[in-house]
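Protein chains in written order, with this note's numbering: chain A, 1 to 227; chain B, 1 to 247; chain C, 1 to 215.
Hints in this document: simulated from the structure, not taken from any laboratory. The reader is advised that the hints may include incorrect statements.
Below, simulated EDC-like cross-link-like pairs (lysine to aspartate or glutamate); rule was C-alpha separation at most 16 Å, straight line [unchecked claim]: (1) K220/A x E142/B; (2) K86/A x E181/C; (3) K113/B x D125/A.
Example chain C residues on the side facing chain A (calculated, C-beta under 7 Å, incomplete) [claimed, not checked]: (4) F73; (5) M78; (6) Y193.
To be clear about the criterion: a stretch of chain B counts as covered by chain A if any three or more of its residues have a C-beta under 8 Å from a C-beta of chain A, and this derived list gives those stretches [what the hints assert, rightly or not]: (7) 78-84; (8) 88-94; (9) 139-147.
We put the beta carbon where it would ideally sit given N, CA and C, even for glycine.
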Amino acid sequence: MSYEFDFSFLAERWPDFVAGAWLTVQLTVVSITLGLVVGTICALARIYGGPWLKRLVGAYVELIRNTPLLVQIFIVYFGLSSLGLKLSAEVSAVIALVVNSGAYTTEIMRAGIQSIQRTQLEAADCLGLTRLQTILHVVLLPAMERVYPALTSQFVLLMLASSITSQISTEELTATANLVQSDTYRSFEVYIIVAVVYLALSALYRVAFWLIGLVLFARKRKLGTAL
Amino acid sequence: MSDAEAIVRIRDVVKDFGSLRVLDGVGFDVARGQVAAIVGRSGSGKSTLLRCIAGLETVQAGSITVCGHDVGRPGSAARAQLRRDVGMVFQSYNLFPHLTVERNITLALTLVKKQSRDKANAKAGEVLGLVGLTDKRTAYPEQLSGGQQQRVAIARSLALQPQVMLFDEVTSALDPELTAEVLAVMEDLAKRGMTMVTVTHEMGFARRVADLVVFMHKGKVWETGPTDEVFARPKTAEFSQFIASEL
Amino acid sequence: MIELNANHFLYLLQAATWTLLLSLIAFAGGSVVGLVVALLRVSKSRLLRGLAIGYIQLIQGTPLLIVLFLSYFGLGIMGYKLVPIVAAGLSFTLYAAAFLGEIWRGCIEAVPRTQWEASDCLGLNRFQQYTYVVLPQAVRLAIPPTVGFMVQIVKNTSLASVIGFVELARAGQIVNNSTFEPFAIFVMVAAIYFAMCYPLSLAARALERKAHVGR
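The following block holds chain A by itself, in its conformation from the complex (with noise of 0.2 Å):
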């Protein structure tokens, strides 16, 4: 192999690394956080809503999890746009993300609130509390807490597919990654380069997660152990 490795590009382009990868994070924190409300919601709705909530619920979970992120990115930026809604491909790529997300994030966490024991909402409703008082207060941070490592792994997964977004010409890591490629046709160091960040972003939303959780979840920081 005759390759010569050649990484002085980065003196010059380094910066443009930085903006893609600012944007990947400003990106996938907003998807994530729509999309835990997103699949809370529907979780929800699974669980207590009537026959046609539940059905209707199922179908969507079903419908984003049988089909591949880069389609459904395709229908929401080009579909869309044929139809008369015009979006950017930054707004786009959040609304294909929170969609995508929700889905997965629903199945999580209908399976955290359903493993609240009954007796927990029999008590809850004995003290006279309302079915939203209960959920608020006594289901959904137990809830999460259970699910908080498939959450964590969920959102880390989601950082890494919002490199797909990149085929809609959003500015992200990825994208960047192909335009300093094309110009410096030093494809392998770029990419290299490239795939150290996102494992660095893996790593650094692991902490961050694990962080919100301390904070989240007073007891188990207090006490250390599982509920």
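Following the hints, put chains B and C in place on chain A, whose structure we already have.
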């Protein structure tokens, strides 16, 4: 007893679980300040009856009236009022594990009775004192023994100042040493004049503390009356056998 | 601009067969390498375990698209020009191997300790223990999650479109370029993916239920 005096009035209650008839025409009254002990073998329907009184199960026929409210027909306003008047303590304590002891008690006070945090905390301190656990305010349920958790559960219901308290085999899951501390709290409550309906296997407690005994067998009330009378003069063979087997 | 017609749909279906082919390549390759990864992951040698863990963490922390670009553009610029199907097959194999390796590792570890002890007492060596006692049981445990992962494999093949391989997603783009009906086309593409993936999802769930009943 006239209807006006009865705080809990149960008439001809029938309850089915699918094709299984669990309660077959149950009826008795509990007056204000009385302690009623419901006893019987497993499967006699006693816990189901208590859950019906609490409004956790619906009845197919008959009526249950608590503090003048019809339990069987819950519109949301009636239900809310029922929750204020009736407190329930469960066999498995059912404390909220992610909240401290104090927050377990103040949760309903702040959300349902809309009290301020300070007022709720003060009340929590008061009821914790009644059950002897003031020093456990900031502990989490998992740090307490079974008996302590049950006492917190009692305090949690007490804080809402109910008119009637229901106890569903609250010591059955506890070791004998821990059982005693919980029974002591219940006896203290009875002395303070709380109206109590308790499903229990503790015959000694029933004989000592209860004013009224209800013996249930196969979904019906077989014997009922003032404690001393019922235990001294059992009318049925089933009850005699039951007492003998519990001793 | 051409009107969207039944021929386009047939073209999509034809491309879908390439999707299936690519999925099979990824699954076959991923299984072979994945089995090696799983066995390394549970080996007694710390070095081998570390290698396996490193590989899994590396792949699981990198977007599949980047692996694909490295295989196609990266190797290409280094002088190893791979045709799209080979680059895609290689990337998907490496990707699947990491995930299948982890799944199967979990299944091997789920076989009770007592099975190891019993076969050890019967005098079997490590290879025999694996082949005759542990792996057969691990395979039974592994079937539901593996079938579930096949759904991911099929969906992931859509990324091969990015390096020009004409599978279903790329076919959709091609049809769109001549008819300009992106909504109808990509919804049709999604429907075809759904038809391929949903049965697999259902099968995985049914297998999962059966596996629990059997316990």
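For each hint, the structure was consulted:
1. K220/A x E142/B: holds, 11 Å
2. K86/A x E181/C: holds, 14 Å
3. K113/B x D125/A: It holds: about 14 Å lies between the C-alpha atoms, which stays within 16 Å.
4. F73: Where the cut-off is 7 Å and the nearest Cβ of chain A is about 4 Å from F73/C, the hint holds.
5. M78: holds, 4 Å
6. Y193: holds, 5 Å
7. 78-84: It holds: at least three residues are needed, and the region 78-84 of chain B offers 3 whose Cβ sits within less than 8 Å of chain A.
8. 88-94: Contact hint for the region 88-94 of chain B vs chain A: holds, 4 residues under 8 Å.
9. 139-147: holds (count 3)
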